[in-house]
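Undergrad: Residue numbers (my numbering), protein chains in the order written: chain R, 1 to 121; chain H, 122 to 733.
Each hint should be verified, as a subset may be incorrect.
Stated by the list, open to error - Think about it this way: if two alpha-carbon atoms lie no more than 20 angstroms apart in a straight line, the pair counts; the simulated SDA-like pairs of lysine to any residue are:
#1 R:Lys57 - H:Ala531
#2 R:Lys25 - H:Ala548
#3 H:Lys462 - H:Lys472
#4 H:Lys552 - R:Ser26
#5 R:Lys90 - H:Ile594
What the hints assert, rightly or not - A few chain H residues that don't get close to chain R, going by computed Cβ distances all over 10 angstroms:
#6 Val134
#7 Leu501
#8 Asp619
Simulated from the structure, these hints should not be mistaken for laboratory data.
All of these numbers come straight from a predicted model, not from anything done at the bench.
Note that the Cβ used here is the ideal one computed from N, Cα and C, for glycine as well.
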Amino acid sequence: MSAKKIVLLVDDDVDLLENTAYMVKSMGCDVVTAENGEDAVERYREIKPNLTIMDIKMPKLDGYDAFFKMKKHDPEAKVILITAYSIDEKKLLKAKSMSLITTINKPYTFEILEELIEKHA
Amino acid sequence: MIIAISTLFVVYVIHGFVIFDVTVNELKQIFAERNKEQAIAIVKDLDEFINKRINDFRALTTVPEIQIALDASNKEFAQIANVEAFIAKRDSEIELDSSVPFVSAVLDKELSDDLKNWVDFYKQEYDYDVVTELFLTNQYGANVALGVGTSDYRHDDEEWWQIAKQNGFFLGELRFREKYQKYALALSYGITDQEGNFIGVMRVLLSIDDLLHDFVDNAQVMKAVQKDLILLDKEGRSIYASGINYDRQANPVEYFSKLKDDKGFLEMSEGGFITSYAKSNGYKDLGGFGWTVVIVQDQTSIVSQFEELRNSIFVTLLVGLIVSVVIGVFGSVSITKPLGKMATLAKQLAKGDFDVKLQKSRINEVNVMADAFNKMGESLKKLVETEKKLAEANVRVKKERLTAMGELAASMAHDMKNPLATIRSAAEIVKRNAKGDDEEMKKILERMDRAIYRMAHQIEDVLNFVRITPLEIKKTSIRSLLDSVIESLEMPKSITVDLPKNDLQILCDERKIEIVFINLILNAIQAIGNNQGKITIRISEKENFAVIEIEDSGPGIPEEYFSKMFEPLVTSKQKGTGLGLATCKNIVEQHGGTITAKNNPTTFTVKLPLNP
Numbered sequence: 001m002s003a004k005k006i007v008l009l010v011d012d013d014v015d016l017l018e019n020t021a022y023m024v025k026s027m028g029c030d031v032v033t034a035e036n037g038e039d040a041v042e043r044y045r046e047i048k049p050n051l052t053i054m055d056i057k058m059p060k061l062d063g064y065d066a067f068f069k070m071k072k073h074d075p076e077a078k079v080i081l082i083t084a085y086s087i088d089e090k091k092l093l094k095a096k097s098m099s100l101i102t103t104i105n106k107p108y109t110f111e112i113l114e115e116l117i118e119k120h121a
Numbered sequence: 122m123i124i125a126i127s128t129l130f131v132v133y134v135i136h137g138f139v140i141f142d143v144t145v146n147e148l149k150q151i152f153a154e155r156n157k158e159q160a161i162a163i164v165k166d167l168d169e170f171i172n173k174r175i176n177d178f179r180a181l182t183t184v185p186e187i188q189i190a191l192d193a194s195n196k197e198f199a200q201i202a203n204v205e206a207f208i209a210k211r212d213s214e215i216e217l218d219s220s221v222p223f224v225s226a227v228l229d230k231e232l233s234d235d236l237k238n239w240v241d242f243y244k245q246e247y248d249y250d251v252v253t254e255l256f257l258t259n260q261y262g263a264n265v266a267l268g269v270g271t272s273d274y275r276h277d278d279e280e281w282w283q284i285a286k287q288n289g290f291f292l293g294e295l296r297f298r299e300k301y302q303k304y305a306l307a308l309s310y311g312i313t314d315q316e317g318n319f320i321g322v323m324r325v326l327l328s329i330d331d332l333l334h335d336f337v338d339n340a341q342v343m344k345a346v347q348k349d350l351i352l353l354d355k356e357g358r359s360i361y362a363s364g365i366n367y368d369r370q371a372n373p374v375e376y377f378s379k380l381k382d383d384k385g386f387l388e389m390s391e392g393g394f395i396t397s398y399a400k401s402n403g404y405k406d407l408g409g410f411g412w413t414v415v416i417v418q419d420q421t422s423i424v425s426q427f428e429e430l431r432n433s434i435f436v437t438l439l440v441g442l443i444v445s446v447v448i449g450v451f452g453s454v455s456i457t458k459p460l461g462k463m464a465t466l467a468k469q470l471a472k473g474d475f476d477v478k479l480q481k482s483r484i485n486e487v488n489v490m491a492d493a494f495n496k497m498g499e500s501l502k503k504l505v506e507t508e509k510k511l512a513e514a515n516v517r518v519k520k521e522r523l524t525a526m527g528e529l530a531a532s533m534a535h536d537m538k539n540p541l542a543t544i545r546s547a548a549e550i551v552k553r554n555a556k557g558d559d560e561e562m563k564k565i566l567e568r569m570d571r572a573i574y575r576m577a578h579q580i581e582d583v584l585n586f587v588r589i590t591p592l593e594i595k596k597t598s599i600r601s602l603l604d605s606v607i608e609s610l611e612m613p614k615s616i617t618v619d620l621p622k623n624d625l626q627i628l629c630d631e632r633k634i635e636i637v638f639i640n641l642i643l644n645a646i647q648a649i650g651n652n653q654g655k656i657t658i659r660i661s662e663k664e665n666f667a668v669i670e671i672e673d674s675g676p677g678i679p680e681e682y683f684s685k686m687f688e689p690l691v692t693s694k695q696k697g698t699g700l701g702l703a704t705c706k707n708i709v710e711q712h713g714g715t716i717t718a719k720n721n722p723t724t725f726t727v728k729l730p731l732n733p
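With the hints as constraints, model all of the structure from the sequences given.
TA: See the structure below:
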């Protein structure tokens with residue numbers, strides 16, 4: 001069995017963040033959390049997770065910009081963005097062109113989460 | 122119109138002239154008649170006057186003084202032996218003259234004075250010589266008293282005296298009296314005493330002036346109205362014509378032969394005289410002199426007056442005609458034309474074209490109207506523009522409000538997502554950690570699940586409906602889209618889905634069309650409910666459109682929702698948002714397509730252009 005997968009979860013909503021972290025932990029992964037884009041980039045540099053699941057709407061640095069930064073630092077970065085329906089078309093296109101894995105909608109079911117982690121982490 | 126009026130005028134003029142002549146002739150007849158009546162009246166008056174005079178003097182003969190004096194004289198003479206010789210002698214010696222006082226020796230002075238007074242009274246009363254001669258004789262013919270004039274001593278040898286004695290009255294002719302150098306009428310009265318015995322004769326000479334006094338007055342009155350009053354004697358000689366000018370030696374008037382009847386008028390020649398006449402018939406027991414009263418009127422005086430009248434009428438008419446023509450022309454130019462223009466412009470205004478502009482006119486009232494019109498046109502224009510602007514503003518405001526509301530709804534929905542996700546995740550955790558055999562707990566958790574699901578769905582619906590974003594067009598396979606939708610939905614086992622075998626590639630926004638299919642298929646599932654059912658989906662092509670039919674075996678769309686089911690917030694479900702079909706319609710129409718529904722079987726048909 002390989003080492004535990006590390007998943008980076010980013011969301012400015014603390015409650016949701018904690019709950020999701022619990023869920024992911026119960027799936028058998030290690031979880032690292034961040035509450036804004038800036039912190040997210042920091043943690044990524046530090047930890048180098050296997051998968052990042054990041055909310056788009058965040059203070060300081062939004063999901064897209066954080067993604068661009070991560071990608072700059074590590075072109076192989078695997079990121080999933082959680083869209084919140086006020087899609088910025090341009091940024092999304094740019095992100096897609098930079099091999100963003102996919103986007104998921106909030107609220108997501110755990111099944112979806114499980115699937116994604118299985119697949120990409 | 123002017124020609125018509127002119128023709129009428131000419132006809133009227135001719136008619137007028139003809140009528141005029143006829144009328145004038147009739148008028149002349151009327152005048153002749155009237156004059157005739159006047160002549161009759163005048164001649165009657167004359168006869169009456171003469172008669173009165175005769176009676177006046179007759180009354181005088183009955184005066185007591187005369188009777189007494191005559192009696193006395195007769196008694197005196199009766200005593201004379203040879204009356205005849207006495208009288209004859211006296212007669213040759215004396216010539217009596219009233220102006221000579223010594224006469225009193227022969228005559229009764231008192232009586233003579235009385236008679237003189239009586240004559241003077243008349244003279245004063247009438248201001249002219251009424252009586253030319255007045256004296257009394259006794260039954261022997263000898264002069265007893267002399268009032269005025271001159272006389273022989275005896276008169277018994279005269280015809281008039283004898284007639285007076287025998288008949289009681291003698292009426293002489295109007296003759297020229299050499300003595301007095303004037304025309305006078307002789308009257309002699311036989312005087313009787315109370316027993317009826319002849320006692321004497323009174324002789325009176327009435328002057329022509331007296332006889333014709335009233336007549337002359339009448340003549341003067343006539344003159345004032347341009348009529349000549351003429352008096353003719355029995356032979357047709359003029360007694361009076363513009364003055365008393367009787368001449369028994371003169372010839373009768375030339376028209377006398379034409380006066381055939383008792384009264385009448387002569388035929389009038391053109392421009393001649395209207396001659397009316399009446400002959401004397403006497404008065405009561407007075408036989409009359411057979412005189413004729415003639416009234417002559419100059420035609421031209423009447424005619425000329427009427428001609429003047431006629432001419433002035435025609436001139437007035439002509440002036441009137443010219444004026445009316447002028448007014449007509451003027452009116453037409455200044456009033457009718459502008460009014461016509463105004464009518465045309467009014468029609469224009471009614472149609473909605475407010476660009477009216479009327480020219481100025483010379484008439485104030487027309488100007489006022491034209492100004493009003495122009496102002497009205499401007500006002501209407503402004504009004505319409507204002508209305509338009511208002512409507513546009515309203516629409517804008519509405520849009521903005523809707524947009525604001527939409528944005529509010531969107532932001533609200535969006536803000537709910539996070540807490541909802543937290544709840545859901547917590548629910549998941551609880552579910553997973555719950556003891557497997559606690560049925561009660563399981564049910565409670567399932568309820569929570571369902572509630573969460575509803576909230577999520579509602580939020581989705583609202584955001585889907587409100588959010589109208591530009592289309593992200595790309596080539597899509599309808600079949601694969603349907604497949605992914607079916608896969609993502611929880612299809613109950615009691616429902617079978619019949620997917621089409623064919624496929625079409627269309628250009629559309631994949632995400633949005635996915636929402637449409639999700640909504641329609643979800644509706645179908647909900648319609649079938651817990652029963653056994655079938656959903657059939659068909660794909661076809663028609664006139665450059667892709668036609669997708671989603672049919673379900675459910676009970677169908679209720680009647681009352683059929684007409685408004687695509688409107689927002691209309692739902693037949695207890696727990697529906699009412700936004701599902703409205704969202705579908707928005708999306709489909711944004712693509713340039715259509716969405717329709719029918720019952721029996723329940724089918725929703727979506728038409729999307731192959732190439733939008």
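Undergrad: Among the hints numbered above, which are violated by the structure, and what are their numbers in rising order?
TA: none
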